Amino acid sequence: MTRKQLFLLLAAVLLSLLPAAAHLFGNPYLLSLASRILIYGLAAASLDLLLGYGAMISLGHAAYVGIGAYAAGILHLHLGAPGLAPALALVADSEVSGLVILPLAVLAASLAALVIGALCLRTTGMHFIMITLAFAQMLYYFFISLEAYGGDDGLSLLGRSKLPLVNLDNDTHFYYFCLFCLIAFLLLASRLVHSRFGLILRGTGDNERRARGLGVNTGRYRLALFTIAGGSAGLAGALLANHSEFVSPGLLNWTLSGELMVMVLLGGIGTLFGPVFGAAVYLLLEEGLNMYTEHWMAYMGPLLVLAVLFARNGLLPLLISGRKRHG
Amino acid sequence: MLEVAAINAGYGESQVLFGVSLRVAEGEVVTLLGRNGMGKSTTVRAILGLLPITAGSIAYQGQALQRLPSHRIARLGIGLVPEGRQIFANLTVRENLLATAANSRRAREPFTLETVFALFPRLAERLRHYGNQLSGGEQQMLAIGRALMINPSLLVLDEATEGLAPLIRREIWQALTTLKDRGLSILVIDKNIDALLAIADRHFLMEKGQVVWSGTSDELRRKPELKSRYLGLEQ
Chain D
1 MTRKQLFLLL AAVLLSLLPA AAHLFGNPYL LSLASRILIY GLAAASLDLL LGYGAMISLG
61 HAAYVGIGAY AAGILHLHLG APGLAPALAL VADSEVSGLV ILPLAVLAAS LAALVIGALC
121 LRTTGMHFIM ITLAFAQMLY YFFISLEAYG GDDGLSLLGR SKLPLVNLDN DTHFYYFCLF
181 CLIAFLLLAS RLVHSRFGLI LRGTGDNERR ARGLGVNTGR YRLALFTIAG GSAGLAGALL
241 ANHSEFVSPG LLNWTLSGEL MVMVLLGGIG TLFGPVFGAA VYLLLEEGLN MYTEHWMAYM
301 GPLLVLAVLF ARNGLLPLLI SGRKRHG
Chain R
1 MLEVAAINAG YGESQVLFGV SLRVAEGEVV TLLGRNGMGK STTVRAILGL LPITAGSIAY
61 QGQALQRLPS HRIARLGIGL VPEGRQIFAN LTVRENLLAT AANSRRAREP FTLETVFALF
121 PRLAERLRHY GNQLSGGEQQ MLAIGRALMI NPSLLVLDEA TEGLAPLIRR EIWQALTTLK
181 DRGLSILVID KNIDALLAIA DRHFLMEKGQ VVWSGTSDEL RRKPELKSRY LGLEQ
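Protein chains in written order, with my numbering: chain D, 1 to 327; chain R, 1 to 235.
In short, the hints are calculated from the structure, not lab data. Among the clues, some could well be false.
Computed far set for chain D versus chain R, every beta-carbon distance over 12 Å [to be verified]:
#1 2
#2 8
#3 53
#4 194
#5 199
#6 200
#7 201
#8 211
#9 214
#10 216
#11 218
#12 303
#13 321
Heads up, incomplete: computed chain D residues facing chain R, CB under 7 Å, no partners named [unchecked claim]:
#14 122
#15 167
#16 203
Source: prediction; values computed, not measured. The C-beta atom is built at its ideal place from N, Cα and C for all residues, glycine as well.
Sequences are here, hints too, so could you generate the full structure?
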């Protein structure tokens, strides 16, 4: 067994025992924090597909998280008000609303990523960074001015989605459902990046011209990855909406895009599992520092600088290899 | 097979090619010779669709190539081994070979990892090494193998042996001979005229963006003055 496998096994055991521990120590708040970590981990890992495997530096990933969250929030609102959506009335009051809401949220985020990606991917480098940011900010202001769904104030969900077998209103169930989503995503994504599709994307990231010269229509591959990453972020968004039972435009703001990027870099870019670890470190630090001071960012900043200086490939590769690797 | 007819091309304001014409027939090995800066690589870029042409035409197996995007040209069967090799540094040897592998022309005996390793046994020993962990010669072999894995009918090599040790060079010339025997058409841009005289059927000499002479290996051997005039001191 390699160190990486050992590490992942350890993490899996820890994560699956966490709810029991939280109850044992009489601190169910931990469970809510842990769920948040899993959801942010999912969002960060989906961004890692773009950053670490596609060489697409997107600074607008929050947009897809936000669209997923709003899709879930808006559907909730309408499914909760009978008569508004007769076509959906069948599932409205039923116990399986989540089976409609979650896939539609993923679909909405994927579609947004498809359209935005098709436009953004005409550019590269600095322009790509700026245009992804611009689209995300456009959507941010769109939702701020969307008065019908709360505008600046956001939108309350009044309860979580209903799924068969699990009761998402129960925090333990919700935690395990997030864990399931994250593991399913990580398994699919790690198969994806090691497939021929992933090889082409990694090669394209290194030298797009050469990949084209070898007969690859690189634009399509990049757009496909962008769409997959956007859809996965949408799932994270829908979970986040369910988690806090609240959606606000802040989810689409560039600060979240930046935080996700920090989680990826902190945990280890191009490692998929690393960003989940990065999300855990980031949110735990935020939570921990927050207890002592409201100026927690002033401490977080230097810590991140240190992490970047001393763990250039991220914390997870550092822990696994046990030594610094350069380059 | 490949028919380049009187093409002009250049970079921005400066025109580099002035009516370049050349052809490669089925199963033929053809060289494009000339000193640095005479337009050899520019000609290759124009053929592969990496540089637009401003006049003339390029046809491959009867199909016009100008205005086709480069990935379509590659799928028609032209495999380029680019100058400077341009291996995917973040992929292993095995991944470099497999990533873009394809058989879009439905070749009956497609290249596989095994046939590439038979050609370059060194690559088989480096399977798990990343592109940036290889020597120059190994990278060159990998670049050729990678181009073969798209199963081209015409292989284009741009300065394939530049900066390599004589022993490695010989290994690469040997591989080209094997590929020629397999029936592959090859267009080689190089300065090592002596090695190429033995392998190639025909040669095109370029100077200042024009083809100034073309002929067979025998004809070139009989005119040593061409060598000193157009290839200078390159030996």
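Here's how the hints hold up against the structure:
no. : hint : in the structure
1   : 2    : 15 Å, holds
2   : 8    : 21 Å, holds
3   : 53   : 9 Å, violated
4   : 194  : 9 Å, violated
5   : 199  : 4 Å, violated
6   : 200  : 5 Å, violated
7   : 201  : 9 Å, violated
8   : 211  : 6 Å, violated
9   : 214  : 4 Å, violated
10  : 216  : 5 Å, violated
11  : 218  : 7 Å, violated
12  : 303  : 29 Å, holds
13  : 321  : 16 Å, holds
14  : 122  : 14 Å, violated
15  : 167  : 45 Å, violated
16  : 203  : 4 Å, holds
Violated hints, in rising order: 3, 4, 5, 6, 7, 8, 9, 10, 11, 14 and 15; the structure is consistent with all others.
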